[in-house]
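S.K.: For the sequence shown, this note's numbering assigns the number 1 to the initial residue and increments by one for each residue that follows.
Don't take every hint at face value.
Restraint ranges, calculated between C-beta atoms of paired labels, are given here [to be verified]: (1) D138 / T361: 22 to 28 Å; (2) H280 / E38: 36 to 42 Å; (3) H343 / E87: 44 to 50 Å; (4) K249 / Q26: 36 to 42 Å; (5) H95 / L244: 39 to 45 Å; (6) M248 / H188: 44 to 50 Å.
Capping the alpha-carbon separation at 25 Å, the derived lysine to any residue pairs in SDA-like fashion look like this [stated by the list, open to error]: (7) K354 / D295; (8) K173 / H198; (9) K155 / H198; (10) K155 / R47.
Think of the hints as simulated: they come from the structure by calculation, not from any bench.
Don't be surprised by glycine CBs; every beta carbon is placed ideally from N, CA and C.
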Amino acid sequence: MPAYRTIRVAVPEDPAAAQAEEEAQQARERFPDLMGLEPVFGLAQEREAGGWSLHGYFSNIYPQQARDSLGSHLRLLAQQAEQDGDEAAHAQLQHAADRLDRERVDEMTVCGIRYRVVRAEQIIRSGPEGPEPPRNSDPDPAEPGEAHHVPDPTKGFVIDPVLPTSPAQALLKTDLLRLTHLTGATPHAQRDAATARHHHPGAALLPTTYCLAEEENGRWRPRTRHATTPQDARDTLAYSLRVLDPVMKNLDETERAAYREAADRLDAQRPSHFHFTGRHMRIVRVERFIRIGPDGPEGPRPSDPDPDPPILVQDQQLRETGELPPDNENTEPDLPPDITARHKELFRLSIQEKERQEKLTQTRQQRQN
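Taking the hints into account, I'd like the entire structure generated from these sequences.
M.R.: Shown next as structure tokens:
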């Protein structure tokens, strides 16, 4: 049987891994339902040693965003090749990057390396208590406000069906591969899903991510995407409470004070559930997996939303409709006064938040010394 159709299992010996196994088993009982979210897309490259390695930030909501990332990556390599005096590599890399500016290309081989835009499905566990929050064994090393320093675990992550997996991960893979019904999906999407199960019958789990969800009328709705750690999700909420919400919701000073107090409490308590001003938020675990077939990981499906054209095509369309001025016109649009005032207030609050974070960092460093 091909490796991509098998699941190799290895029992973990590390105590921390054993705790993670136990929590995973408990989660299957407490949160038995699997709820699908929209797919995400990222970039992978084939390895000489076998399998595929992922580039960072595997959370694009459209395939074109991953194609744009590939174009940027190839341009950086082209610059390096030019500095090294490798004219042939520079020409090949630059040509490939220029092509991505004009065409929707999901796979290309450049300088002997095969790149592919890859699709991942997202799943949330849920049960009578609602969606599953972070587990005690989930890594969460950063202090409040410092989560952006945590390395992206998907950068360099290897997709290889030969690699062993834990018993809990093997069960999760089995559960995910058995999913057959897509709630609310179009007939086109249902047909694509059936085709994917046939052509890509294997699966690789990605590192867990997190999102913020809010309870409204007994139902939970995702409010944010892609947090690398639970603290990353808290930091996103705290920034919104201190900077974005006061302006976008047009809060008065009393309401702003309540939101600042909520952000301070969020930093101090580091909870998974959070109540403030009548709202109920929860940090939710998001499992992600990539389907694998005989030729590697699955790419975008025809039914996946992909509204944005390549950058040069988009530029031409905007100029034809008059939404972009000609290149020889150096004009900036006149914004309404209320929009200008809002931009200035957002800038002021963002600077204020940056200064607050810098002071906290200095205080932590002094304590460590």
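S.K.: Identify every previously stated hint that the structure contradicts and give their numbers, smallest first.
M.R.: Numbers 2, 6, 7 and 9 - these are the hints that the structure violates, sorted from lowest upward.
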